[in-house]
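Enquirer: Now for the letters of each chain:
Protein chains: 2
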Amino acid sequence: MSDPAPNDDATPPAEGLARLKSSLEARLKALVKSGPTTPRHLREAVRHALLAPSKRVRPMMVHLVAAGEDYLHLPALDAGCAVEMVHTASLILDDLPCMDDAKTRRQRPTTHIVFGEATAILAAIALLNRAFGVIAELDDLSPSIRTQLAEQLSGAVGWEGLVSGQELDLRGTEGVDPAKIERLNWLKTGVLFVAAAEMGATIRGLAPAQTRAVRSFATHLGQAFQTADDLLDVSATAAQAGKDVGQDLGKTTIVSLLGQDLARQRCREHLASADRALAETSLEPQPFRTLIGKFFGSLGTEST
Amino acid sequence: MSDPAPNDDATPPAEGLARLKSSLEARLKALVKSGPTTPRHLREAVRHALLAPSKRVRPMMVHLVAAGEDYLHLPALDAGCAVEMVHTASLILDDLPCMDDAKTRRQRPTTHIVFGEATAILAAIALLNRAFGVIAELDDLSPSIRTQLAEQLSGAVGWEGLVSGQELDLRGTEGVDPAKIERLNWLKTGVLFVAAAEMGATIRGLAPAQTRAVRSFATHLGQAFQTADDLLDVSATAAQAGKDVGQDLGKTTIVSLLGQDLARQRCREHLASADRALAETSLEPQPFRTLIGKFFGSLGTEST
Numbered sequence: 070m071s072d073p074a075p076n077d078d079a080t081p082p083a084e085g086l087a088r089l090k091s092s093l094e095a096r097l098k099a100l101v102k103s104g105p106t107t108p109r110h111l112r113e114a115v116r117h118a119l120l121a122p123s124k125r126v127r128p129m130m131v132h133l134v135a136a137g138e139d140y141l142h143l144p145a146l147d148a149g150c151a152v153e154m155v156h157t158a159s160l161i162l163d164d165l166p167c168m169d170d171a172k173t174r175r176q177r178p179t180t181h182i183v184f185g186e187a188t189a190i191l192a193a194i195a196l197l198n199r200a201f202g203v204i205a206e207l208d209d210l211s212p213s214i215r216t217q218l219a220e221q222l223s224g225a226v227g228w229e230g231l232v233s234g235q236e237l238d239l240r241g242t243e244g245v246d247p248a249k250i251e252r253l254n255w256l257k258t259g260v261l262f263v264a265a266a267e268m269g270a271t272i273r274g275l276a277p278a279q280t281r282a283v284r285s286f287a288t289h290l291g292q293a294f295q296t297a298d299d300l301l302d303v304s305a306t307a308a309q310a311g312k313d314v315g316q317d318l319g320k321t322t323i324v325s326l327l328g329q330d331l332a333r334q335r336c337r338e339h340l341a342s343a344d345r346a347l348a349e350t351s352l353e354p355q356p357f358r359t360l361i362g363k364f365f366g367s368l369g370t371e372s373t
Numbered sequence: 070m071s072d073p074a075p076n077d078d079a080t081p082p083a084e085g086l087a088r089l090k091s092s093l094e095a096r097l098k099a100l101v102k103s104g105p106t107t108p109r110h111l112r113e114a115v116r117h118a119l120l121a122p123s124k125r126v127r128p129m130m131v132h133l134v135a136a137g138e139d140y141l142h143l144p145a146l147d148a149g150c151a152v153e154m155v156h157t158a159s160l161i162l163d164d165l166p167c168m169d170d171a172k173t174r175r176q177r178p179t180t181h182i183v184f185g186e187a188t189a190i191l192a193a194i195a196l197l198n199r200a201f202g203v204i205a206e207l208d209d210l211s212p213s214i215r216t217q218l219a220e221q222l223s224g225a226v227g228w229e230g231l232v233s234g235q236e237l238d239l240r241g242t243e244g245v246d247p248a249k250i251e252r253l254n255w256l257k258t259g260v261l262f263v264a265a266a267e268m269g270a271t272i273r274g275l276a277p278a279q280t281r282a283v284r285s286f287a288t289h290l291g292q293a294f295q296t297a298d299d300l301l302d303v304s305a306t307a308a309q310a311g312k313d314v315g316q317d318l319g320k321t322t323i324v325s326l327l328g329q330d331l332a333r334q335r336c337r338e339h340l341a342s343a344d345r346a347l348a349e350t351s352l353e354p355q356p357f358r359t360l361i362g363k364f365f366g367s368l369g370t371e372s373t
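Line by line, the protein sequences give chains L and Y. Counting in my numbering, the first sequence runs from 70 upward without gaps. Counting in my numbering, the second sequence runs from 70 upward without gaps.
Okay, chain L solo, but in the shape it has when bound:
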């Protein structure tokens, strides 16, 4: 069985997903266009981090829930881009010398390596801030929907989300159990996955029961994704992963607690639970299954 390779962009996804990804990347580029007086160094740092090769799985999730893969829906694309900006900001910060001190990310040197720490931090701030600006400017959606999207995104970054996850991760994870690790994974990865799906559900106007199923789907997928990422950290080379590996040495992860085989099994169980929840969402499942198949490889195929 091959290892999950979430950063493997060599396999072309199905045509609809490929078109969606390239539309998302065009919008990302357009949404960070700066004025003539913006400092070039800062603008380049933002582009370096945001436009680097990436799976774009979070913005794809927003769009697939909001509008599927066939019809390109501009507000769904832009809301997805806002989520991708937040995710990219978190990667820039996680990689800083005072955090994980990583050298490579998305197949490029990390932002602080190329542009210096100060500019990297400012680029992260610019991205987080721009995400909320993009949401406020979604003129095709009612202000009430935009306000809900902003609340969902802010909730995913705040006390019950990314910043707390990163703080807990920095404080070390000695002596923790699988439940605590899953809580950390929830804060570091799951919350933003779920916010992406929920933002899609808000844009589509799904009923509460469907939205709950969407949340459950995204929760399991987020756990599977984080476990796959932990497996990648111990088994892939930096070139395969497109980022530093071995970063978790000395940290407790699902893999270090359970071993690779059990972690793989747990990943498959989460993917199976995700698929069951997907069936309850009333959304067309195929694009999601294609996306999952692409990113989890044979791990995903076996589980669905």
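By construction, these hints were calculated from the structure, which means they are not laboratory data. What you are looking at is a predicted structure, and each value in this text was computed from that prediction instead of being measured. Possibly wrong hints are sitting among the right ones.
As the list makes no split between identical chains, a pair holds if one copy fits it or if it spans any two.
To be verified - Think about it this way: if two alpha-carbon atoms lie no more than 25 Å apart in a straight line, the pair counts; the simulated DMTMM-like pairs of lysine to aspartate or glutamate are:
1. Lys102 - Asp238
2. Lys249 - Glu113
3. Lys98 - Glu229
4. Lys172 - Glu186
5. Lys172 - Glu349
6. Lys102 - Glu84
7. Lys363 - Glu353
8. Lys102 - Glu229
9. Lys124 - Asp313
10. Lys249 - Glu94
Following the hints, position chain Y against chain L.
Expert: Chain Y alone, transformed into the frame defined by chain L:
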């Protein structure tokens, strides 16, 4: 003539302003309440920075424009708190070792000195993010107004605001002229002052002509404020200023370009222009004049 002392909290402001300030501080505290699972270290870092002694001039500006000083208007208080969160986030970051490397701020050791760099950065992110969350949650205002406020705040932080100002400041200011320095001051200070005033105007529903006058008022006040801050940096002790002084040594500022006397004169001219614009806003001018008198001391008094 005494030097401007923007950080002097010894002189009690007029009663209305004092009540407004204490209400703002109570709301700041309430708005960053965290859940039981939020990492304590992170929560304490946010409170350390946000609840430290401060003039609260930006949130006061929001409230005075939106609702005056007599009637405490909850959405105006909270929108002001959002601006104060953004301002505090920018102070935390400006003070980092890779930026200005400052040791004292708001009469306390800087956030990274007490909590470490990583947590300081996460605290800044938490505050910026919370600011947008607070605006999204302003249930007493229509979603359309909330969306406008989010756009105004995001505009002040982004390409044409704080992040660009800080990047330009880091890149050095050798060989620049007063016009370029005023552009830098505009990005670093003016834009957020003006956004605060404009957010107040949006909440109050001011007509376009009045909003233009409010913007002009805040623009001049912001320039006066930054010049006073530069004067403070060369003439006050750290204890008087409540933060590191001498930080601008080697940097070009209005003071280093024009000398202290001309800088003081320029500051007075901006205050006079601010007062003329204030008269055109149709807002009750007295609370603004009291606020300005308090912060600019005899410099302000002579100019009005």
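Enquirer: Pop the pair Lys102 and Glu84 into one bin, within, between, both or neither, using alpha-carbon distances up to 25 Å.
Expert: Cα proximity of Lys102 and Glu84: none, with 28 Å in one copy and 47 Å across.
Enquirer: Between Lys249 and Glu94, at a C-alpha cutoff of 25 Å, which is it: within one copy, between copies, both, or neither?
Expert: For Lys249 and Glu94, the Cα distance exceeds 25 Å both inside one copy (35 Å) and across copies (35 Å).
Enquirer: When Cα atoms must be at most 25 Å apart, do Lys124 and Asp313 count as within-copy, between-copy, both, or neither?
Expert: Only inside one copy: Lys124 and Asp313 sit 17 Å apart there, 45 Å across copies, limit 25 Å.
Enquirer: If the cut is 25 Å between Cα atoms, do Lys172 and Glu186 qualify within a copy, between copies, both or neither?
Expert: both (12 Å within a copy, 19 Å between copies)
Enquirer: Under a CA distance limit of 25 Å, which applies to Lys363 and Glu353: within one copy, between copies, both, or neither?
Expert: Within one copy only: 17 Å inside, 63 Å across.
Enquirer: From the Cα coordinates, with 25 Å as the cut-off, is the pair Lys98 and Glu229 best called within, between, both, or neither?
Expert: between (30 Å within a copy, 18 Å between copies)
Enquirer: How do Lys249 and Glu113 come out at 25 Å by Cα distance, when the copy is not named: within, between, both, or neither?
Expert: between (38 Å within a copy, 22 Å between copies)
Enquirer: Pop the pair Lys172 and Glu349 into one bin, within, between, both or neither, using alpha-carbon distances up to 25 Å.
Expert: neither (42 Å within a copy, 55 Å between copies)
Enquirer: I want to check one pair: Lys102 and Glu229. Are their C-alpha atoms no more than 25 Å apart within a copy, between two copies, both, or neither?
Expert: For Lys102 and Glu229, the Cα distance is within 25 Å only across copies (12 Å; inside one copy 31 Å).
Enquirer: At 25 Å max between alpha carbons, let me know whether Lys102 reaches Asp238 within a copy, between copies, both or neither.
Expert: For Lys102 and Asp238, the Cα distance is within 25 Å only across copies (21 Å; inside one copy 33 Å).
Figure legend: structure checked against the earlier numbered hints; hints not met, in rising order: 5, 6, 10.
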